[in-house]
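Based on these hints, arrange chain B on the given structure of chain A.
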Amino acid sequence: MNKLKYKLIPQGAAEGRNPIHLIFVDKKDVVAAGLTYRQACEVIAKDFKEPSAINIIDMDAVTVSSDGIMVDYGIVAFASVDYGMINKDFGYLEVSEQPYSTKLLAEEPHMKQWDNIDAYKGKRLYRGPNFEDRWPRVPHNETQTITGRIANNNTGSEVMNVVDMTEVLIPAYGALEIMKDGEVLIGVAGPEISVGIGMVVFETYGRIFHRSYGAGLTAHNSGKYAKTVKSDYPAIAGPKRTLAEYTMRALEIGLVPGKDLGCSPAVLSIAKAMGKPIAFDNIEERAWIELESVGIRRADLEAPSTPMTREEILAKADEIVPGLTDGKLFKVADISEIRYAEC
Amino acid sequence: MKLMHTKLPDFYKKLQDAGKKFNPDTEVVVRGMENMESAKLASLRVGRAEEFMEELAENPDVAKIEVTVLPQIPETIHTIVFKAIKKDGTAGKAILGSMFITTPAAECYYHDAEEVDDRRVPFD
Numbered sequence: 001m002n003k004l005k006y007k008l009i010p011q012g013a014a015e016g017r018n019p020i021h022l023i024f025v026d027k028k029d030v031v032a033a034g035l036t037y038r039q040a041c042e043v044i045a046k047d048f049k050e051p052s053a054i055n056i057i058d059m060d061a062v063t064v065s066s067d068g069i070m071v072d073y074g075i076v077a078f079a080s081v082d083y084g085m086i087n088k089d090f091g092y093l094e095v096s097e098q099p100y101s102t103k104l105l106a107e108e109p110h111m112k113q114w115d116n117i118d119a120y121k122g123k124r125l126y127r128g129p130n131f132e133d134r135w136p137r138v139p140h141n142e143t144q145t146i147t148g149r150i151a152n153n154n155t156g157s158e159v160m161n162v163v164d165m166t167e168v169l170i171p172a173y174g175a176l177e178i179m180k181d182g183e184v185l186i187g188v189a190g191p192e193i194s195v196g197i198g199m200v201v202f203e204t205y206g207r208i209f210h211r212s213y214g215a216g217l218t219a220h221n222s223g224k225y226a227k228t229v230k231s232d233y234p235a236i237a238g239p240k241r242t243l244a245e246y247t248m249r250a251l252e253i254g255l256v257p258g259k260d261l262g263c264s265p266a267v268l269s270i271a272k273a274m275g276k277p278i279a280f281d282n283i284e285e286r287a288w289i290e291l292e293s294v295g296i297r298r299a300d301l302e303a304p305s306t307p308m309t310r311e312e313i314l315a316k317a318d319e320i321v322p323g324l325t326d327g328k329l330f331k332v333a334d335i336s337e338i339r340y341a342e343c
Numbered sequence: 001m002k003l004m005h006t007k008l009p010d011f012y013k014k015l016q017d018a019g020k021k022f023n024p025d026t027e028v029v030v031r032g033m034e035n036m037e038s039a040k041l042a043s044l045r046v047g048r049a050e051e052f053m054e055e056l057a058e059n060p061d062v063a064k065i066e067v068t069v070l071p072q073i074p075e076t077i078h079t080i081v082f083k084a085i086k087k088d089g090t091a092g093k094a095i096l097g098s099m100f101i102t103t104p105a106a107e108c109y110y111h112d113a114e115e116v117d118d119r120r121v122p123f124d
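Chains as they are written, first to last, in our numbering: chain A, 1 to 343; chain B, 1 to 124.
Just so you know, the hints here were simulated from the structure itself, not pulled from any lab data.
Fair warning: this is a prediction, and the values are worked out from it, not measured in the lab.
Hints are not guaranteed to be accurate.
Unchecked claim - Distance condition first, Cα-Cα at most 20 angstroms in a straight line; then the derived EDC-like pairs of lysine to aspartate or glutamate:
#, chain 1, residue 1, chain 2, residue 2
1, A, Lys88, B, Glu115
2, A, Lys88, B, Glu51
3, A, Lys88, B, Asp118
4, B, Lys20, B, Asp10
5, A, Lys46, B, Glu115
6, A, Lys49, B, Glu115
7, B, Lys64, B, Glu51
8, A, Lys49, B, Glu114
9, A, Lys28, A, Glu252
10, A, Lys46, B, Asp112
11, A, Lys88, B, Asp112
12, A, Lys88, B, Asp117
13, A, Lys88, B, Asp124
14, A, Lys49, B, Asp112
15, A, Lys46, B, Asp10
Excised from the complex, chain A in its bound form (with noise of 0.2 angstroms):
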C-alpha cells in the first residue's frame, strides 16, 4: 500500500499562534503516490479526520503575491477537509497551469518578471483557477473551498473555521518557506498587511480576483477603514528579509509601483529604500488615502533620500518592510509534524 506525505502545521502551533491546522503537500509527494490531486485530497481528509485546509504545491512551478511579485512556487490545488470528508461541489478546486503567451504579458506588465529574472523563466505559472476550474462557482464568488467549517479562501492565502470564526493569513513568502522548510514569521497581520492585501494587480485568473483591479487602484476601497478589515488576524508570513530579496528582484527589472507593481506599503518601502522610481500619480486618491492612514505619505515617499544597497536592505528588512505586529520568527521544521496518509 502506498503513502502519501503530507506536512501538519498543527492547530496550537507555534506558542498557540496557528489557530487552525494547516496541511501543505508537495505535487512531487502525490505524484509518487499515483494519485491524482483530489485523491490526494481524499486519502488526506480520511487520514486526518480533523477540520483542515489543504495546499498542494508545486515547487518547480511560479505564481504571484497579490501585489504583483512573482514567487518561485505555485498552488495547483486547494480543498477544505472536515469530518473526513470533502463537500463534492464547493470543498475541492484544482488550478489550472496558465500558459505563456505575449498577450498575457502585454496585458500584464508586472508578469515581465517571468521573462526577465532567471529563477523564473521557462516555469510553469499557476495563480487562481479559472472559470471551468471554478464550476459550479459563479464568477463573483470567492475563490475559495468550503467543507463542513473550513473555507479555504483566496488560493489558499486565507483560512477560516466558520463556526468558531478563527482565520489565519498565509501569505505568499510564509507558504514559501513552510514548503522549503525555513523559517516563518508568525504574528497578527497588522494595518499595514490589511491596507497591503487591497492593493492588487490586474491579472486574468489571479490568486484573488480577476480582470479587476489595476496597479495604483485599491480592491478595498473603503477608506480609513481598510486598515482594520484585516489587521487582527494572524498571519503565517516569510521573514521580511525574505519579501524584501523578492520584491527587490522585480524593481532591479525596472518595475515601477504604480503602474505595474501593486502600491502595498511593503513594495512602496522597498522601492523607497532602493531610491527607485514610484508612479505617485497613478496611485488613484482612495489608495493614497489607505496609505496615508498607515503612515505611507506622498510627500515622504517623494522626500530626497540616499539610496540604500541591496545588501543593506536585505540586513534591515525588518526596519525597512512595516507591517505584522508581534511577530516572532519560527523554524518550519519547529512548528510542523510530517505524517503520512495511507492510500
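Below, chain B alone, put in the same frame as chain A:
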C-alpha cells in the same frame, strides 16, 4: 385555488404534518429560515420534502426530526439595502451594497448520521 408554488407558512405545516403522520408525538424542528417573513417554495421540491419526512418518520425508533435549511452553495451573494429614515419617518437616501457570506457547509449538520442519502439537485 391551487398554485404552482408553496407559501412559506404552508411549507412549515406540511413538514410538521408529514413528520407526525405515523406518530403525533414525533418532534419536528425546522431551522434556517427564521429571517424569512414570506417566500415562494417550488412545489415539486416541497412534495419530495414531505416524502422524505415520512420516510424518516415511519421508523418507530425515531423520536425527533431535525430539518435544517441552508444554501446549497455555501458562499452566497446578498444585496444589502442601507436606508436612512428621516425624523419625519420618510425614507431618505438608500445605498445598495453587496455582501458575500460564507456559512458552515452541510457536513456540519449530517457528519454524525449513520447513513446519508444525497438526493439534492446536481450542479452538472
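- Tell me, in ascending order, the numbers of any earlier hints that this structure violates. Result: hints 2, 9, 15 break, sorted rising.
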